[in-house]
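There are 2 protein chains.
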Amino acid sequence: MRIDLFLVPVPNIESQLSDKTLVVIDILRASTTICQALKSGARAVIPVMEPGEAAEMRTKIGIETTVLGGERNGLKIEGFDLGNSPLEYTEEKVKGKTIILTTSNGTRVYNRTAASKLILTGALVNISRVVKRTAQAGNDIVIICAGQNGDFSIEDTLCGGMLLHRLATDEKTEMELNDAASLALLLYRSNSRTLKQTISRGEHGRYLTKLGFEADVNMATETDSMPVLPILKDSRIIIEET
Amino acid sequence: MRIDLFLVPVPNIESQLSDKTLVVIDILRASTTICQALKSGARAVIPVMEPGEAAEMRTKIGIETTVLGGERNGLKIEGFDLGNSPLEYTEEKVKGKTIILTTSNGTRVYNRTAASKLILTGALVNISRVVKRTAQAGNDIVIICAGQNGDFSIEDTLCGGMLLHRLATDEKTEMELNDAASLALLLYRSNSRTLKQTISRGEHGRYLTKLGFEADVNMATETDSMPVLPILKDSRIIIEET
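Chains as they are written, first to last, in our numbering: chain A, 4 to 245; chain B, 4 to 245.
Because the hints were derived from the structure by calculation, they are not lab data.
Computed from a prediction, not measured in an experiment: that's the story for all the values here.
Honestly, I wouldn't trust all of these hints.
[As the list claims (entries may be wrong)] Negatives, chain A to chain B, calculated, CB over 10 Å:
1. I66
2. R132
3. A140
4. S195
[Said to hold, decoys possible] Below, a sample of chain B positions facing chain A; criterion: calculated Cβ distance under 7 Å:
5. V13
6. D182
7. G205
Yeah, the Cβ is synthetic: ideal placement off N, Cα and C, and Gly gets one too.
Construct the entire structure; sequences and hints are all you get.
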């Protein structure tokens, strides 16, 4: 199986997604927040590019049934119901609702994925589900790490590396990797015993901690704590029916 | 000493270069070609963005004293004297001449470096010179890997990692690294004994080999084979006077 990982959403990535299984990873925090929202009973998460677009969509879908969520520079957007902290996405706040989510890095990737066959949201909190589903689909895989403002992020690369490692060891997948995938695998294997520390001491982990979101960082590193499988269908991220 | 490495020239990198020593790395092939040209006695290498700009500059400086060099998609640009193969930059062709060079990745970085205090061209072929000069300057360091069309490249990251490793071991530099620098260091240390193979088997190494440039790939991996120190001054890359 051919597996290409991208450390950031590179230019022209759209051309490399045809018929692939795509895994979008932004564990601090969009991927983790999406898992949490769906686990808490949200009907769907709609990823959008900009706050204005989110507000328009809310008017279209209906104010009663929607929740506006997202961040810029890590903080809640003015006038929005929720920020981008997974802890906010409780049953009380999101059950039965459609979340319209706009974040700086993660949600933007979903707008560039049209050609893919299967589009999953990957995080540490649902890693085993992603491993099984990507292996079962049998398509070649593209892993896009959302990164941080166009730059590489260590936590997404580690998560991508863990996915590769588990595909190799649990699923005995024969993998043909691009250079970035080999690098992610090396990074994971060198840090597998210190995953939480590596992530919390990383640039983005420290930034979020400084903003008061240390609990989010801890939550994002809890492997398999949210065993849901978010899948993008018709521009909405939902839990795959099994 | 603070050292930040960038796997690719990220957006807004200009804002992070003030008063730093900057090392630009694009070993396949711009950095290696620049070293070779200066070693062969070229007066200077002027990095420019586009072929049209190169031709205009030639007219301005003088056709007799200049050589147009560069590539797009790895191949020589139509109407240019030389491509981007270091092997072409012989004494016979470049001695005493000013090279106007435009490449897809490496030369573009030099147009974004204005705020830096000292701007060096780094490659494996001149690595020891770069290690010594960056340590001697004593400024904080930024290492920019040119990458490949906006994507990470393993050969530049390895070279950056080797620079970090040598600063730590040879120069006993106390280093405070960003996440990407830590990653580059890990990559180098995991591949230090197989540097040539890792680079020639990498994506760009294979691409160049397919185009017939296997000798360039080999040449670029010859550590310290061109002990020159290219430095950017007044938009021209020259050998630093000692």
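Here's how the hints hold up against the structure:
| no. | hint | result |
| --- | --- | --- |
| 1 | I66 | 35 Å, holds |
| 2 | R132 | 27 Å, holds |
| 3 | A140 | 25 Å, holds |
| 4 | S195 | 13 Å, holds |
| 5 | V13 | 5 Å, holds |
| 6 | D182 | 4 Å, holds |
| 7 | G205 | 5 Å, holds |
Checked against the numbered hints given earlier, this structure breaks none of them.
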